[in-house]
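Protein chains: 2
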Amino acid sequence: MSSISPVNADVLKQAQQRIQQDLLTALAAFSIPEPLKAAVHHAVMLGGKRVRPALCYATASLKPNHNFAAVRRAAVAVELIHCYSLAHDDLPCMDNDLLRRGQPTCHVVFGEDTALLAGDILQSMAFEILGSRLFDDQAQGTDAAIVLKQMQILATASSKMVCGQVLDLQAEGKQVDQTELENIHRNKTGALIQAAIMMGAVTVFTGTDPAIPKLRQFGQTIGLAFQVQDDILDITASTETLGKTAGKDEQVQKSTYPALMGLEKAQAYAQNLHDQAFEALAYFGDQAQELTAISHFLLARKS
Amino acid sequence: MSSISPVNADVLKQAQQRIQQDLLTALAAFSIPEPLKAAVHHAVMLGGKRVRPALCYATASLKPNHNFAAVRRAAVAVELIHCYSLAHDDLPCMDNDLLRRGQPTCHVVFGEDTALLAGDILQSMAFEILGSRLFDDQAQGTDAAIVLKQMQILATASSKMVCGQVLDLQAEGKQVDQTELENIHRNKTGALIQAAIMMGAVTVFTGTDPAIPKLRQFGQTIGLAFQVQDDILDITASTETLGKTAGKDEQVQKSTYPALMGLEKAQAYAQNLHDQAFEALAYFGDQAQELTAISHFLLARKS
Numbered sequence: 001m002s003s004i005s006p007v008n009a010d011v012l013k014q015a016q017q018r019i020q021q022d023l024l025t026a027l028a029a030f031s032i033p034e035p036l037k038a039a040v041h042h043a044v045m046l047g048g049k050r051v052r053p054a055l056c057y058a059t060a061s062l063k064p065n066h067n068f069a070a071v072r073r074a075a076v077a078v079e080l081i082h083c084y085s086l087a088h089d090d091l092p093c094m095d096n097d098l099l100r101r102g103q104p105t106c107h108v109v110f111g112e113d114t115a116l117l118a119g120d121i122l123q124s125m126a127f128e129i130l131g132s133r134l135f136d137d138q139a140q141g142t143d144a145a146i147v148l149k150q151m152q153i154l155a156t157a158s159s160k161m162v163c164g165q166v167l168d169l170q171a172e173g174k175q176v177d178q179t180e181l182e183n184i185h186r187n188k189t190g191a192l193i194q195a196a197i198m199m200g201a202v203t204v205f206t207g208t209d210p211a212i213p214k215l216r217q218f219g220q221t222i223g224l225a226f227q228v229q230d231d232i233l234d235i236t237a238s239t240e241t242l243g244k245t246a247g248k249d250e251q252v253q254k255s256t257y258p259a260l261m262g263l264e265k266a267q268a269y270a271q272n273l274h275d276q277a278f279e280a281l282a283y284f285g286d287q288a289q290e291l292t293a294i295s296h297f298l299l300a301r302k303s
Numbered sequence: 001m002s003s004i005s006p007v008n009a010d011v012l013k014q015a016q017q018r019i020q021q022d023l024l025t026a027l028a029a030f031s032i033p034e035p036l037k038a039a040v041h042h043a044v045m046l047g048g049k050r051v052r053p054a055l056c057y058a059t060a061s062l063k064p065n066h067n068f069a070a071v072r073r074a075a076v077a078v079e080l081i082h083c084y085s086l087a088h089d090d091l092p093c094m095d096n097d098l099l100r101r102g103q104p105t106c107h108v109v110f111g112e113d114t115a116l117l118a119g120d121i122l123q124s125m126a127f128e129i130l131g132s133r134l135f136d137d138q139a140q141g142t143d144a145a146i147v148l149k150q151m152q153i154l155a156t157a158s159s160k161m162v163c164g165q166v167l168d169l170q171a172e173g174k175q176v177d178q179t180e181l182e183n184i185h186r187n188k189t190g191a192l193i194q195a196a197i198m199m200g201a202v203t204v205f206t207g208t209d210p211a212i213p214k215l216r217q218f219g220q221t222i223g224l225a226f227q228v229q230d231d232i233l234d235i236t237a238s239t240e241t242l243g244k245t246a247g248k249d250e251q252v253q254k255s256t257y258p259a260l261m262g263l264e265k266a267q268a269y270a271q272n273l274h275d276q277a278f279e280a281l282a283y284f285g286d287q288a289q290e291l292t293a294i295s296h297f298l299l300a301r302k303s
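Sequence lines, in order, name chains A and B. The first sequence begins at 1 in my numbering and counts up one residue at a time. The second sequence begins at 1 in my numbering and counts up one residue at a time.
Careful, some of the hints might be misleading.
It does not matter which identical chain is used: a pair holds within one copy or between any two.
Said to hold, decoys possible - For lysine-lysine, the following BS3-like pairs were computed, each having C-alpha atoms within a straight-line distance of at most 25 angstroms: (1) LYS37 x LYS254; (2) LYS13 x LYS63; (3) LYS302 x LYS265; (4) LYS214 x LYS63; (5) LYS37 x LYS174; (6) LYS174 x LYS254; (7) LYS49 x LYS13; (8) LYS63 x LYS149; (9) LYS265 x LYS174; (10) LYS49 x LYS254; (11) LYS149 x LYS214; (12) LYS302 x LYS49; (13) LYS49 x LYS37; (14) LYS302 x LYS254.
Think of the hints as simulated: they come from the structure by calculation, not from any bench. Quantities reported herein were computed from a predicted structural model and do not represent experimental measurements.
Please model the complete structure; the sequences and the hints are all you need to start from.
Encoded structure:
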C-alpha cells in the first residue's frame, strides 16, 4: 500500500494553495447580495481537499505552454459544481448533515432557503466562469471551441452526478450488487472527477490526440477508486479525522464496498483500481509526475 | 388597453406547440433514472405559457435563414432554467406552494428530495442542450462562438435570477421603494426573459449589428412589464384562472407594484413599459410582427 511521501503531499498542497487563491478571485468577481454572498463563500471556502481542480491542473500540466487561464477557469468551475452538490446534499430533505469538513453545514448557518439558493447559484456561476475572461491577463483570448468542449463535459457530468444521487437514494436499505453499486458511483462521484481531468485534457490536447483516451481511462478508474476509498474511510476513520459524521453510511444502511465485499477485499479493490489508473498514466512517462503524486495521495489519504 | 386579438393568440399558440414538441424531444434525449425522470417531466410538461422560448423564437425570426437548430436549443434551454426555478421556488423551505398551473407541485407529487434534484438536473440539462447537436438534422454544425455567447447569456441570467430571489426574500414584510422593487424584478424575472431574447439575438445577428442594443432595450422593458402584470394579476385574478394560489403576495406581505403605487397606477405603468418595448421594436418594422403579437398577448393576459 502506498504512503503519503512528502513529495506527493507537496504537489497537492501547491495545487490547493493555487485553487484557494483562484476560488477567492472568482468569488470576488461576482456581485451577490447578502446573505447569499456569505453562504456561497461558506460553501466554497470552508476547505476540502480540492481534488478535482488539482486533477484538472495536473492533467493540463502534461503539456507545457498551454492556455493556463482556460485551465484555471475549468478548475474553479468544477470545484464550484462540487461545492453546490455538497450544499444541496447536506440539506434536511437530503442527508440532513450538520457537519462538513469540521464546520457547520451551509443550511445550519444560513437556513435552508439560503443554502438551497447558494447551491443553485454556484451551479450557474460555474458556467459563467467557464465562459468568462477570468484570469486572462495576457488577453490571449479564449478559443470558443475549447470552452464549448469544457461546457459539454461539465454539464454532462453535473447531470450524471444528480442521476447518481437518485440511484443512491433508491438503493438505501436495499441489497445491491457490485454492478449496481459501481453504476451509482460512476455517476455520483466518478463523473465529476473524470470531468475535472477531461476538462484539463481538452484544453491542451486536440480531439484526435492519443492522450485523450488514456486520460479518459485514468479518469474512470481514479474516480471509482476515490469512492471506494471514501466508503472505506467512513468505516475506518473517526468523525474528528473525517470532518464529517463517520459511520453514517452504515447508519442509513447505505450500500458500500466494504459492506458488499468486506473491508479487506474493498481495500484490495481500491489498490487494484489505482494500479489500473497508473497503467493509463504510463503512456505519459515522466510528464505524469504530478498526476501520479495526486493519485498516490488519494489512495493513502486518511480523510 | 390592448386586447388579445385572434392573431396575437395564434402566434403564441403556434410557438407553444413548437416548444412543447421540442421540450419532449429534448427530454427524451436524456437517460435519467426513475423517479427523477418522472419528476423532471412533471416539472417541465405541466404546461405554462412558454413565454421565454416564444420570445427566443420570435427574436430569431427577425432574420430569415438563421441557424434554426441553435435557436431551438436556446429556446428549450431557457425554458428548462425557468422550470428548475419554479420547482425550487415551490419547495417547503421557499414558498411552500402546493399548486402550480392548476396541478400539484413537484415536491407534493415526488417528495422534497426528488423535487430538489429535479431542479438541479434541469439546470445542468439546459447547458447540456445548448452544447449539443440536438435538432441539428441538416448537420449544419454549430458555430462554437455562438454557443459560447448563448451560454454566457444564460448562465449570467440564471445567477441573476437567484440573486433576485434572495432580494425578494429579504424584502418580505419590509417597505421597499420603486427602485428597490425594480432591482428585485430585473434580477428575479427580467433577467431570464431578457436572456431568452438575447439568446435568439446573438444566434442570428453579429455582435456589432444595431439590432442588438434595440433588442436589449426591448428585453429590459418587456421583462419588467411582465412582472408588473404578474403582480397585478395576483390581485385581480382568481386562483382558478391563475392556476396557482392567488392573493399569495399580499398574504406574505410581498412588495408589489399595486401595493407600492395602487392598482390603477400599476396598470398604467405596465402599459407605459409596453409602449417603451414597442418603441424599441419599431426599428424592425414589419419584421417584428411576431414579437409585437407576443408582447400584446403578455399585456392583455389574464393568467
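A quick look at each hint next to the structure:
Taking CA atoms no more than 25 angstroms apart as the test, LYS37 paired with LYS254 passes between copies only; the shortest distance there is 22 angstroms, against 34 angstroms inside one copy. Within a single copy, LYS13 and LYS63 get their C-alpha atoms as close as 21 angstroms, which meets the 25 angstroms cut-off; across copies the closest is 53 angstroms, which misses it. In this assembly of identical chains, the alpha carbons of LYS302 and LYS265 lie at most 25 angstroms apart only when taken from the same copy (18 angstroms versus 65 angstroms across copies). In the homo-oligomer, the alpha carbons of LYS214 and LYS63 lie at most 25 angstroms apart inside one protomer (14 angstroms), although the nearest pairing across protomers, at 45 angstroms, exceeds that limit.
Taking CA atoms no more than 25 angstroms apart as the test, LYS37 paired with LYS174 passes between copies only; the shortest distance there is 21 angstroms, against 39 angstroms inside one copy. Taking the closest pair of Cα atoms, LYS174 and LYS254 come within 25 angstroms of each other only inside a single copy of the chain (8 angstroms); across copies the shortest separation is 45 angstroms, beyond that limit. When the C-alpha separation of LYS49 and LYS13 is checked against a cutoff of 25 angstroms, the pair qualifies only within one copy, where the shortest distance is 9 angstroms, while the shortest distance between copies is 52 angstroms. When the C-alpha separation of LYS63 and LYS149 is checked against a cutoff of 25 angstroms, the pair qualifies only within one copy, where the shortest distance is 18 angstroms, while the shortest distance between copies is 28 angstroms.
In this homomeric assembly, LYS265 and LYS174 come within 25 angstroms of each other (Cα to Cα) only inside a single copy, at 21 angstroms, whereas the closest approach across copies is 60 angstroms. When the C-alpha separation of LYS49 and LYS254 is checked against a cutoff of 25 angstroms, the pair qualifies only within one copy, where the shortest distance is 24 angstroms, while the shortest distance between copies is 42 angstroms. Taking the closest pair of Cα atoms, LYS149 and LYS214 come within 25 angstroms of each other only inside a single copy of the chain (18 angstroms); across copies the shortest separation is 31 angstroms, beyond that limit. For a Cα distance limit of 25 angstroms, the shortest separation of LYS302 from LYS49 inside one copy, 11 angstroms, qualifies, whereas the shortest one across copies, 53 angstroms, does not.
In this assembly of identical chains, the alpha carbons of LYS49 and LYS37 lie at most 25 angstroms apart only when taken from the same copy (22 angstroms versus 32 angstroms across copies). Only within a single protomer do LYS302 and LYS254 lie at most 25 angstroms apart by alpha-carbon distance; the minimum there is 21 angstroms, versus 50 angstroms between protomers.
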